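A.B. asks: Here's the letter readout for the chains.
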Amino acid sequence: MDRRHFIKQSTLLSIGGLLIPSSLLSACRKETLFEDVSYDVKVIIIGAGAAGLYAAYMLKSKGIDFQILEASSTYGGRLGKLTGFANFPIDTGAQWLHGKNSMLGDLIKKSKTKISLDDSETRYWFNNQLVNSLPQETDIFEGDNLPDISYEDYALQSGLGNEYKYIVENIAGDQGAAASRLSVFGNNEDEEHWSAGDDDFKFEETFFDLIDTQIANQVKDNILLNTVVSKIDYSQSTILITDSNNNTFNADKVIITVPIPILKSADIEFIPALPDEKITAFSKIGMDAGMKVFLKFSNKFFDQNIIGGSVCAAYADDRIGKAQNDNILLAFIMGEQAEYLTSLGSDAAITSALIQELDIMYNGQATASFIASHVENWTTNPYIKGAYSYSTIGMGDARKIASQALSEKLYFAGEAMNTNGHHQTVHGAVETGYREVINMLTDIKK
Amino acid sequence: MKSIVLSIILLLHIGFARAQEFKIDASYEYLYSGQWDKAIQTYNVSRPFQTEKQPLLMNGLNTSISYVFENEKHVKHGINVSYAYFQSSAENENFNNMLKLHFINLGYILHYENAEKPKGLYADLIISATSSGLFRHINGNPFEYDETTSRAFGIGGDICLKAGYYLTLKNNFYLSPFISIAYTPYLYSPNSEAVINQTKELTSKNWTGILTTQIGLTFHLKRQQND
Numbered sequence: 001m002d003r004r005h006f007i008k009q010s011t012l013l014s015i016g017g018l019l020i021p022s023s024l025l026s027a028c029r030k031e032t033l034f035e036d037v038s039y040d041v042k043v044i045i046i047g048a049g050a051a052g053l054y055a056a057y058m059l060k061s062k063g064i065d066f067q068i069l070e071a072s073s074t075y076g077g078r079l080g081k082l083t084g085f086a087n088f089p090i091d092t093g094a095q096w097l098h099g100k101n102s103m104l105g106d107l108i109k110k111s112k113t114k115i116s117l118d119d120s121e122t123r124y125w126f127n128n129q130l131v132n133s134l135p136q137e138t139d140i141f142e143g144d145n146l147p148d149i150s151y152e153d154y155a156l157q158s159g160l161g162n163e164y165k166y167i168v169e170n171i172a173g174d175q176g177a178a179a180s181r182l183s184v185f186g187n188n189e190d191e192e193h194w195s196a197g198d199d200d201f202k203f204e205e206t207f208f209d210l211i212d213t214q215i216a217n218q219v220k221d222n223i224l225l226n227t228v229v230s231k232i233d234y235s236q237s238t239i240l241i242t243d244s245n246n247n248t249f250n251a252d253k254v255i256i257t258v259p260i261p262i263l264k265s266a267d268i269e270f271i272p273a274l275p276d277e278k279i280t281a282f283s284k285i286g287m288d289a290g291m292k293v294f295l296k297f298s299n300k301f302f303d304q305n306i307i308g309g310s311v312c313a314a315y316a317d318d319r320i321g322k323a324q325n326d327n328i329l330l331a332f333i334m335g336e337q338a339e340y341l342t343s344l345g346s347d348a349a350i351t352s353a354l355i356q357e358l359d360i361m362y363n364g365q366a367t368a369s370f371i372a373s374h375v376e377n378w379t380t381n382p383y384i385k386g387a388y389s390y391s392t393i394g395m396g397d398a399r400k401i402a403s404q405a406l407s408e409k410l411y412f413a414g415e416a417m418n419t420n421g422h423h424q425t426v427h428g429a430v431e432t433g434y435r436e437v438i439n440m441l442t443d444i445k446k
Numbered sequence: 001m002k003s004i005v006l007s008i009i010l011l012l013h014i015g016f017a018r019a020q021e022f023k024i025d026a027s028y029e030y031l032y033s034g035q036w037d038k039a040i041q042t043y044n045v046s047r048p049f050q051t052e053k054q055p056l057l058m059n060g061l062n063t064s065i066s067y068v069f070e071n072e073k074h075v076k077h078g079i080n081v082s083y084a085y086f087q088s089s090a091e092n093e094n095f096n097n098m099l100k101l102h103f104i105n106l107g108y109i110l111h112y113e114n115a116e117k118p119k120g121l122y123a124d125l126i127i128s129a130t131s132s133g134l135f136r137h138i139n140g141n142p143f144e145y146d147e148t149t150s151r152a153f154g155i156g157g158d159i160c161l162k163a164g165y166y167l168t169l170k171n172n173f174y175l176s177p178f179i180s181i182a183y184t185p186y187l188y189s190p191n192s193e194a195v196i197n198q199t200k201e202l203t204s205k206n207w208t209g210i211l212t213t214q215i216g217l218t219f220h221l222k223r224q225q226n227d
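The listed protein sequences correspond, in order, to chains A and B. Numbering-wise, our numbering puts 343 at position 343 of the first sequence, and it's gapless, one number per residue. Numbering-wise, our numbering puts 97 at position 97 of the second sequence, and it's gapless, one number per residue.
Keep in mind the hints are simulated off the structure, nothing from the lab. Remember, it's a predicted structure, so these values are computed and weren't measured experimentally. Incorrect hints may have been included.
[What the hints assert, rightly or not] Which residues of chain B face chain A? A few of them, derived with a C-beta cut under 8 Å, are:
hint	residue
1	42
2	45
3	49
4	53
5	89
6	91
7	96
8	141
9	146
10	153
11	155
12	201
[Stated by the list, open to error] Below, simulated BS3-like cross-link-like pairs (lysine-lysine); rule was C-alpha separation at most 25 Å, straight line:
hint	chain 1	residue 1	chain 2	residue 2
13	B	222	A	30
14	A	296	A	81
15	B	205	A	445
Ideal Cβ placement from N, Cα and C applies to all residues, glycine included.
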């Protein structure tokens, strides 16, 4: 073989040796999962909250037959919209976008939805007076080697005395929990997985509108409202679902997106019964009472945020981020405070307790300018029964166990089933919606 | 500034005086990372509102500079610095999402050639420390949240086998077509999924293995033993 011939052959072999495997590998590498695959299955989604709606939206995009069964008379889950109370629309449920590095952040950008950074200022009700800052640092719940004890106990151990009780209650309340129940260790572990960003944003319209116009609108024809699922029989190849009116529905796969208290309280009977390990995992995921009370005043006497009240640890000016300016103050009440206010028995009593507290803080101005209130108590909603999930003491990997699919038939989604630190949020719920559709399609593809 | 440039030129000059070979590569690079594929595939399947799908990080360009020390043995050693760039862009209405991936490697070369036949086959084994930077741009601008840029840095190790064939251009100048295959068994890049899919450990691990192949050309400036 002469040199010229050798070079020519070597070059051809080299190019062939590189390009042929590369081309073959490229052909195997699809841009998206489940590309060009059709699925002949019937899927039922239980719950039309953010997770259920998004799972449905995914299934629709793949041309899969689905139906959503929703217990209440409307869709949205813990997203809701109140109009007519103020001259701007109000979110009765989730209202802050927590970080914009999320899929919903992309959807907001794409849909040109108007949001604004909530950089409102905070004053504290501390030692019976409103102050601009606190004497001691309260940012103690993140770091290394934190103990698996409650926020309340850890605060006391760290030198935050009883005068900080409702400040700490507010910090835990942000996580939807009472300070006596939220785990310092567990919540810190969750925070380490958080990737959405720390800034909070408010919608000029509402969070509900984003989900409604961009997602629910695509699938709302397939939602069956007022359908309370009471039994899921997955003992046969076809799953049989029965509602409270004894109507039955058949499905090959079921995505369950109901809030964790519904699973904990066994409102749905499973046949065969769920494994003990799963039931234990459900029981370890916390979800406390939660309510939002919107107070309308003729004058704007209040600060943008008031933290540390003994009746309500967190008040927020609800006009922030809105185009209009009715004087609406939001009382954001979680945990033991929500339990106490719920125990008062009526919306009027709840409102009265809050007005009394504001009167003390602002020298009677609340009563003087009070116009109306709207109480949205998520605890007494029989299909929700609380605010949002949180990490309890000794919770371990309960979320992972709780969210595992059963028998390749039952899939568990919803914010409480988020295992990548985004539980408690709408984007976290949405992530579980698409995660379980991916898991389900992967199982079918097997 | 002028003195810095002059110093660099002087150092290169002194260095080259002791070099057996100085070479510059330019190549096409093909990349495969299972974890990043998975994150992009999840991004694509989970966002039906994006009709134009995000391409996988697959095709890129690589350039490197190598410096082989003077040595009379068949196996010589040297150092190598390389840079590679990959891009993935999907244009959707109101939303042009672009991923930019950069690699910088600093490696040690074991260079084999038959010193008696300056025109012929050669092979390099390169063991490198590798660093990566993954960035997200939306509508032409770096994506920022919490007043910081969305980015994921990575660090790992890489082993590369490269083979080429010297063709004489002029006197001490040579040109060589080459192919190479490289494997990064472990690149620790915990934030990559957060950049690609805006989640953490939902779809992938916090590290990835990477396989790359290259095809390209090298320009050599080579001193003969009797120069």
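A.B. asks: Given residue 153(B) as an interface hint, is its Cβ closer than 8 Å to any Cβ of chain A?
C.D. replies: violated (15 Å)
A.B. asks: For the hint on residue 49(B), does the least C-beta distance to chain A fall short of 8 Å?
C.D. replies: Nearest chain A Cβ about 6 Å off; hint holds.
A.B. asks: Taking the closest Cβ pair, is residue 45(B) under 8 Å from chain A?
C.D. replies: holds (4 Å)
A.B. asks: Measuring from the C-beta of residue 146(B) to each C-beta in chain A, is the shortest one below 8 Å?
C.D. replies: holds (5 Å)
A.B. asks: Take the C-alpha atoms of residue 205(B) and residue 445(A), compute the straight-line distance between them, and say whether it is at most 25 Å.
C.D. replies: holds (23 Å)
A.B. asks: Have a go at the residue 141(B) hint: is there a Cβ in chain A nearer than 8 Å to its own Cβ?
C.D. replies: Violated. Min distance 11 Å.
A.B. asks: Holds or violated: is there a CB of chain A closer than 8 Å to the CB of residue 89(B)?
C.D. replies: violated (12 Å)
A.B. asks: Using the nearest Cβ pair, does residue 96(B) come within less than 8 Å of chain A?
C.D. replies: Hint on residue 96(B): violated, closest Cβ of chain A at ~10 Å, above 8 Å.
A.B. asks: Would you settle whether the hint for residue 201(B) is holds or violated, based on the nearest Cβ-Cβ distance to chain A being less than 8 Å?
C.D. replies: holds (5 Å)
A.B. asks: Sort out whether residue 81(A) lies within 25 Å of residue 296(A), counting only the CA atoms.
C.D. replies: holds (16 Å)
A.B. asks: So, as I understand it, the hint says residue 53(B) touches chain A; can you test that by seeing if any CB pair is closer than 8 Å?
C.D. replies: Because about 4 Å separates residue 53(B) from the closest Cβ in chain A, which is inside the 8 Å limit, the hint holds.
A.B. asks: Given residue 42(B) as an interface hint, is its Cβ closer than 8 Å to any Cβ of chain A?
C.D. replies: holds (7 Å)
Of the hints listed earlier, those the structure fails to meet are numbers 5, 6, 7, 8, 10, 11 and 13, in rising order.
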